[in-house]
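Colleague: What follows is the residue order along each chain.
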Amino acid sequence: MSVAIKSAIDDAVIEELRAIFGHDDGRVLTNLSSRVNRTRVPAPFPVHRWADHMPDLAVLPRTAQEVSEVVKLANRRGIPVVPRAGGTGLSDGAVPLRGGILVDCKLMNEIHEVDLVDRTVTVGPGINMLKLNEELRPHGVFYPDDPASYPCSLVGGRIGTGGWSLLGARFGHTRDLVISMEVVLPTGEIVEIGEGGGRKLRKSSTGLTLKQLFTGHQGTLGITTQATLELVPRPEVEFAAFFAFEDYITAWETMGVLTKSGLATLAGVVLFDEWKIDYLRRDDEAYIPQPESVKAVVAVAMYGRRCEVEPASKEVMRLGRSRGGRYLGDEISAGDWASRHDRYAIPLHGRRKDGQAVLMSWHCEDAALNYSVLPQVREEWHAIVSRYRERYDIFDDWGMFAYTSGAHKPWADYLVEIDVGIWEQRLDDETWSAWVDCKREIAEVSLKYGGSITACHGATRAGDAELVPTEMGSAWPVVKRIKRALDPNNVMNPGKQSLDEAYEEERL
Amino acid sequence: MIFRLGDQAPPPAQRINDTVVMRFEHVYEVDPDLMGVTPQQSMPAWDTKRIVDSRWDHLDWMHLHFADDVLLAGEESETMPEPDPPIPSEQLPQPRPVGD
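Taken in sequence, the protein lines are chains V and F.
According to our numbering, numbering within the first sequence proceeds without interruption in unit steps and concludes at 508.
According to our numbering, numbering within the second sequence proceeds without interruption in unit steps and concludes at 1100.
Hints are supplied without guarantee of correctness; some may be wrong.
[Stated by the list, open to error] Short derived list, chain F residues pointing at chain V, Cβ under 7 Å:
(1) 1036
(2) 1040
(3) 1041
(4) 1043
(5) 1076
(6) 1077
[Unchecked claim] Straight-line C-alpha distance at most 20 Å; calculated EDC-like pairs for lysine to aspartate or glutamate:
(7) V:295 with F:1018
(8) V:353 with F:1068
(9) V:314 with F:1069
(10) V:314 with V:441
[As the list claims (entries may be wrong)] A few chain V residues facing chain F, derived, Cβ under 8 Å:
(11) 309
(12) 311
(13) 329
(14) 486
Calculated from the structure, these hints are not laboratory results.
Even glycine gets a Cβ: it sits at the ideal position worked out from N, Cα and C.
I would like the entire structure built from these sequences, with the hints used as guidance.
Modeller: Spelled out as structure tokens, the structure:
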């Protein structure tokens, strides 16, 4: 079995790295704080085992050539390489499992070209979408990749994760919005990956379409060093409407009506369940003084030209009320929609069983599920979390939501989250193990109902990773062959997604 | 402008439900009795107002960042047609200093 090991780093390796970076010591970081701060992401983390997940050092490249030299060095020496962008992921893609060299892409944050004729923007992976859109605004164009982490995540991380966008039903998700990429492969070669032909072509049928292979691999197949992205016309107007319901099933049916409406400006529809409403009711940051009769909420958002959105908004109001939904009013609708990135800006707290508020981190299960199975999955997920909360008073059920997930096709696929608070300060080996078991049980329900473990965050978390072979099924041997062919020494983010299995067999 | 320390003490908390209190309109807090594990800091009135104002600025900014204009249905809430009647002062809990 060929697995890169952290102990391969020594003074000679550090000196080689310093030479690659022109002896710019500010870009080869071996000090403790630089390593500690590049260890975890916002997903629940075994804080009692922090040191087990630290990189041995971090580097800050500015060019693809520097990334390439680092990766070639890692191959020669058998050292793990872990790419990291904003470190805002809700899975563990950027968390080193075996130490090694962490490649932090934040300095690769240039806008290389804005092409207003062919409607593309070419950027480095270290640029943030909010900052990018501030630069694009004078041109009347927009890059519409809008995750909850919009103010702080980076383009490179979005590509590595295969991210999902809150506006995806209207504009598509990350993989739909990336036209082509420059990628440093696990062996160090620099290649152009796209549909085929030039880097600004949206569709080609010449050969294999490699672009999707390099989107969402969680840093296991290479490092994106440049990306050419889609530009859309900046929306003239946004419209949001929130509707309250007295039961989940009526809300679910109404969501089905809205998503099948055929309204092209529909950017997203989301259904919050009773547990989520209760969580918001008790929270001091977002307390919703709604009557107890409100047991579920459906929210709709639209973007586009005024001449499209204005008539469509009237249809949304009609459909939202078609089964008894009650409008929550302009202030909540507009204000809560504008609050959609809050989870990255506020401290989170949950409750012990005695009601005491404690600081918690937030696990977001993010299964991909079809519309038809949402009610049953919801019941089974809450039952699992309730069982673990009863036994371990460090977990809290923060409710569920289901959000349209099909790019340009909002009617059938949903990103479905159950949000679980975890009191990390009280984690130890027993409770962390319990959490991983809980996580695995939740994921197994998704698979049982024909879903996927993850629509957005990636399957690199403990409790997910071991189920990747099950979900991939008959395609798993193909996945392993691809991994081994591209990364013969298993240096690229090793230990993730059960891909070590690719190296356990002499002949595939 | 004259800064009067006495003006900056938050008003007494008004109970909203079993777990939430309110000192300023629409600014909700976890009942301090439930903050025994996680200590709270004392916050003067001006700081609370600053945070609330910043919040509105943030929401306005976010709207404008994504589109030129916000289209509204132009309708009030259908779930809360009437505001709750004010709670008689004799039924309010005794004022508690912040941070107790």
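Colleague: Against this structure, judge whether each hint is valid.
Modeller: The hints, checked one at a time:
Look at residue 1036 of chain F: its Cβ gets to within about 6 Å of chain V, closer than 7 Å, so that hint holds up. Restraint check, residue 1040 of chain F versus chain V: the minimum CB separation of about 9 Å is more than 7 Å; hint violated. The closest approach between the C-beta of residue 1041 of chain F and any C-beta of chain V is roughly 12 Å, which is over the 7 Å cut-off, so the hint fails. For the restraint placing residue 1043 of chain F at the interface with chain V, the shortest Cβ-Cβ distance is roughly 12 Å, beyond the 7 Å limit, so the hint is violated.
The interface hint given for residue 1076 of chain F holds, since its Cβ lies 5 Å from the closest Cβ of chain V, which is under the 7 Å cut-off. Evaluation of the residue 1077 of chain F hint against chain V yields a held restraint, the C-beta minimum of about 3 Å falling below 7 Å. For the hint linking residue 295 of chain V to residue 1018 of chain F, the alpha-carbon distance of about 18 Å falls within 20 Å, and the restraint holds. A hinted pair counts as satisfied when its Cα atoms are at most 20 Å apart, and residue 353 of chain V with residue 1068 of chain F does not qualify at roughly 46 Å.
The hinted pair formed by residue 314 of chain V and residue 1069 of chain F meets the criterion: a straight-line CA distance of about 17 Å does not exceed 20 Å. For a cut-off of 20 Å, the pair hint linking residue 314 of chain V to residue 441 of chain V is broken: about 42 Å separates their Cα positions. Satisfaction of the interface hint for residue 309 of chain V is found here, the shortest Cβ-Cβ separation to chain F being roughly 6 Å, below the 8 Å cut-off. For residue 311 of chain V, the interface hint is violated, since its Cβ never comes within 8 Å of a Cβ in chain F; the closest pair sits about 11 Å apart.
Checking residue 329 of chain V against chain F by beta carbon gives a least distance of about 3 Å; that is within 8 Å, so the hint holds. The closest approach between the C-beta of residue 486 of chain V and any C-beta of chain F is roughly 38 Å, which is over the 8 Å cut-off, so the hint fails.
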